[in-house]
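Per my numbering, the very first residue in the sequence shown carries number 1; after that it's consecutive.
Don't take each hint at face value.
[Stated by the list, open to error] Dumping the calculated PhoX-like pairs for lysine-lysine here, alpha-carbon to alpha-carbon at most 25 Å:
(1) 46 x 69
(2) 63 x 46
(3) 46 x 64
These are calculated hints, taken from the structure and not from any lab test.
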Amino acid sequence: MTPVNPESSTLYVQSLATGVQVLRAFNTQRASMSLPEIASAVGISKSAAQRFAFTLEALGMLKKDSQSKRYSLSSANLESGYQYLQCHPLLERANPYLLDLNQRTGETVNLAEPADDCMVYIGRFSSLARLIAHVPIGQRIPMFCASTGRAYLSSLSDDAAREILERSDRVRYTPQTVTDVDALLTLVQQAREEGFACCHDQFYRGDLALAVPIWDAAGNAVAGLNLSVSSTSFTVKRAINKFVPLMLETARLISTTPPNPTALRPFRTEPRGPKEAG
């Protein structure tokens, strides 16, 4: 078991941790950085930044512009992510069923797994007819506003779900994003009762997202199956009626054991009120 404060352990390799921090410091706002910028972003000295940048460049993880002397991530960083997906037993088992659901519905289908207070998208088959938003493999979406996140939270106890919601940075991504913890917990409880979660305009405008949990052999939710449609093409009621039965069937096929009994309860078909449409 990892200690509460792993940095206090004699097994903790600080230099390795700092090297990882340097790589993680690069993002959309800092696509390239000079040595002083790396030092500032990571909280290390310029000489330390120089040593780490030199080593990471030598390993092929960073590349240096010969003119500007600025560093940026190299494509080698994709290798570990690619290997992770190649070795992922759940994704390997799920992909044929995800593709089948995509072809049967003509809509975008995703598989996401929990990581702290977010869901990370590890599998995706896009709609050929319409693409609401570009969600690349590896993107993290906060649980509180993701249909897969609410589906996953619905598998937890109320106390566990509340703890995750309370420590989440609940940003209002759209005017409709629900950020109040009590309101979110009500939606999670509703998802638990109905066996699926519905998010309407929560992270992306125009996105109507449905999700159901994926279960492991021990009966624990380990991922979320998502199907997204355009809210200009579907009402909530029509989307639920058309897609949720197919999604539950797909989830049963992917899961190593039958889903939690709550996932088999009849799902509600009447339109939701404004409070529930989040």
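Hints and how they fare:
Proposed proximity of residue 46 and residue 69 is supported: the alpha carbons are some 14 Å apart, at most 25 Å. Between the alpha carbons of residue 63 and residue 46 the distance comes to roughly 18 Å, so the proposed pair stays at or under 25 Å and holds. With a C-alpha separation of about 16 Å, the suggested pairing of residue 46 with residue 64 holds against the 25 Å cut-off.
Violated hints for the displayed structure: none, as all numbered hints are satisfied.
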